[in-house]
Amino acid sequence: MTAYRAVVLEHFRRPRNRSLLPDANRAADGANPLCGDRIRIQLRVESDRIVEARFTADACALCIASASLLTDGVRGMTTRDATELDARWITGLLGGDPPAGRVKCATLPLDTLRRAVRDNSVEVP
Amino acid sequence: MSEILLESLDPSDESRVVQATLVSATGSSSKKIGAKMLVGASGKLLGGVTIGGCVDAQVIEAGDALITSGGRQMLDISLDDDEAWEIGLTCGGTVEVLIECIAPSDANDPAVSSYAAVRNALDGDRAAVVATALEGSRTSLVIDEDGIRTGTLGDPVADDAAASMLPEVLRTGSRAERLPTANGAGQIAMSLTRFAHELDMRTVVVDGRERYATRDRFPDADEIRLGMPSEIVAELAPGKRNAVILVAHDYKYELPVLRNLLRSTVGYLGMLGSKKRGAAVRDLLREEGFSDDELSRIRTPIGLDIGGKSSPEVALSILAEIVAIRSGKRV
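In order, the protein sequences belong to chains V and S.
When we follow my numbering, the leftmost residue of the first sequence carries the number 1, and every step to the right adds one.
When we follow my numbering, the leftmost residue of the second sequence carries the number 1, and every step to the right adds one.
To be clear, the hints were calculated from the coordinates, so they are not data collected in a lab.
Some hints could be false.
As the list claims (entries may be wrong) - Calculated cross-link-like contacts (lysine-lysine; reagent style DSBU-like; alpha-carbon spacing at most 30 Å):
id	chain 1	residue 1	chain 2	residue 2
1	S	Lys276	S	Lys309
2	S	Lys276	V	Lys104
3	S	Lys32	S	Lys240
4	S	Lys32	S	Lys44
5	V	Lys104	S	Lys44
6	S	Lys276	S	Lys329
7	V	Lys104	S	Lys32
Claimed, not checked - Covered by chain S, according to a simulated footprint, are these stretches of chain V (three or more residues, beta-carbon under 8 Å):
id	segment
8	50-63
9	74-83
Unchecked claim - Chain V is faced by these chain S residues, among others (derived, beta-carbon under 10 Å):
id	residue
10	Gln58
11	Ile60
12	Met74
13	Glu210
14	Tyr212
15	Thr214
16	Tyr251
17	Leu255
18	Val257
19	Ile306
20	Ser310
Built from N, CA and C at the ideal position, the CB exists for glycine as well.
So that you can see chain S by itself, here it is in the shape it has in the complex (with noise of 0.2 Å):
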């Protein structure tokens, strides 16, 4: 993976821009612990540090307040959907999420020259990670997989302690706790539209949230439709030559969506979360009267099992799975 998201940005039309990183998660997390999200000051919105939903609504809030009054603050949030996570529709526990007014056009800012220097390190073929300190001052220290370091904690013991997690955290490919990579959090459905539209698939994305359904965000999408999604999805009314993919990790679109399509011809209808989850999605609909056989046709775990976890890689697996099932195969 190679992607920064602070290169996603336009300095220009972004002179300040809050980045939000996930530092800590109890409970059952859906994201992984370095997940990052940038809050632009025009309103633009990358990545995420969990699948939407509530907690990050609250990182966005305080975002945008800090664009306003600079500096850093650590989040820490409940993921108190506590009635909906009792019957496994959503994630528990609690989470730390450090958000940090950074600006783009300034290349003394620590965080933009310790993402120069994580570019530096990929075009020269080597991983790298970013280290951050959580409190104090603004600092980061990056260190390739030759050893080579960028910037300081501010603390040659830090830097170090940061230096000798390195091998551990090159070899798994994972984000050690409390020392974050460059990695940012790609977006499925993002990755979805641009490559359906190499695929030659026709892609409509639909969200009920303004600053997510945006045209900057999805370029390769032939249609952004904002509104109530259940709505949205009725009125497209998708036959069997289409898919219905849902990526929202959300249940207040998905159970809408599905009560929608369950009895519908659509031909595919995928929905993003583990086998636990599915089955709980499956029950509260089966409460509702819905048959087992109409509840069999939700794909999830969705796309073929190809291995990988990254957003484009999951939006990989499920086009994949798409395409497999267009050509006939038995998946």
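Just chain V, same shape as in the assembly (with noise of 0.2 Å):
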């Protein structure tokens, strides 16, 4: 098993941060329209400063796993480092590069936490 299989089935089976963030004071939702892949970053900002970020999906398993490598790895970093992340960082946390068909599908966690970065406007129920 490749290094990237066994990173993308890890974070499916048993992904990080996969839970509503109640206090969330940014969140956007983000999905891949034909392939039907749906998902929800929520973070919590505090001083430019992202101190809890979490999500839910309905996704494919390679998805998930971005997701979750996602949440964990933007905790502590500026938002504006947040929005500079890109495509090859997350496909460093993944341990390679995604089949040609299914890139969208490990960038989707990425391009949705960039929205939710720039969203300021969440009320917090």
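Quick one: dock chain against chain with the hints and give me the complex.
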């Protein structure tokens, strides 16, 4: 088994940070409309720093694994650094490049995170 | 079966459509060779070459591009959700899908004329097959069970070869490799809502894909909900008088929805899939702490065993099972 596949399987079966974040103050929903992956990223940002990141998703193994790694990786980052993350960063965490037809599955959480960072309009229930 | 997908489109709405045909599959494929999907210029989708998921998404993307450029193209697609395949949640292998741009309102279009010939045969109570050339220009040949030929593959030898396969195709009712029939791939959820309407059952269709969850596709559904399926199902909170039928055949929806429902009071919980796939889903959920009692609530394979394989037949078997349970029968 390749390192990439082992990482994806581990984070799919035991995803980190998969739950709602009750005190989130930033959030965004993302979707790959054709394959149907759907994800929500919620953040707690204090003094321009991400202090907590969680996700919920109805998505494929690769997307779940990517979200799991992403939410772990951005905790403690400044919002500016988080918005500058790119696809290479996430494939680095995954341990390899996804198959060509599934790059969108891996990058959906990152695209959603970027929008969540820019959103400060979330009203916490 | 006499469903012809192209007849479901209004030519005045769709000046061009892309027809996708599953031509070959290695490994395990969830649909038979010959399964078809139409991608309309308006965004409309009918049928499917797999049961949803990333492969159909790639076919739709390629189809959208082909509508603009025209022509035909063979797609070689890897069912490359290897991680999920490894734990038995999805199909593996590769598929070849032929996509062709056709003009529904042009009677001379090879696809349109071949389906007209098929309709003619069906109206005369005769089965028919459509042979399609996979390379070169678009040609097709229709042969009905009386041996009457319409059209040509452009080569008499190829026409004869196709005709020689006719008895076997008609005998088995299956699609011979590289010789797709005119059967369209029906969709289980569409049939479910249609039949459920007749049975006075209220239906809610839930999906995360906006081109699938449309009123066009589900005219008989009481409600169509687009969004994250697990959230929608949690909000609907189905109880003991309700049935939840998972027919996406996609673990990305099945697992989150099941997590929400296994400890609910929902009366019927069915999931499309083989025993093997059902076991893989249960194994994964067992790892997450669900008990055997809770997991035993998932009915898979779903429906009464009535021997049918087509989507409407599967839908019929599912509803028959629900009616039987509702009537107190042991199934």
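Now for the hints, and whether the structure bears them out:
no.	hint	verdict
1	S:Lys276 x S:Lys309	18 Å, holds
2	S:Lys276 x V:Lys104	29 Å, holds
3	S:Lys32 x S:Lys240	36 Å, violated
4	S:Lys32 x S:Lys44	22 Å, holds
5	V:Lys104 x S:Lys44	22 Å, holds
6	S:Lys276 x S:Lys329	26 Å, holds
7	V:Lys104 x S:Lys32	27 Å, holds
8	50-63	holds (count 8)
9	74-83	violated (count 0)
10	Gln58	5 Å, holds
11	Ile60	5 Å, holds
12	Met74	15 Å, violated
13	Glu210	5 Å, holds
14	Tyr212	8 Å, holds
15	Thr214	12 Å, violated
16	Tyr251	8 Å, holds
17	Leu255	8 Å, holds
18	Val257	8 Å, holds
19	Ile306	29 Å, violated
20	Ser310	23 Å, violated
Figure legend: structure checked against the earlier numbered hints; hints not met, in rising order: 3, 9, 12, 15, 19 and 20.
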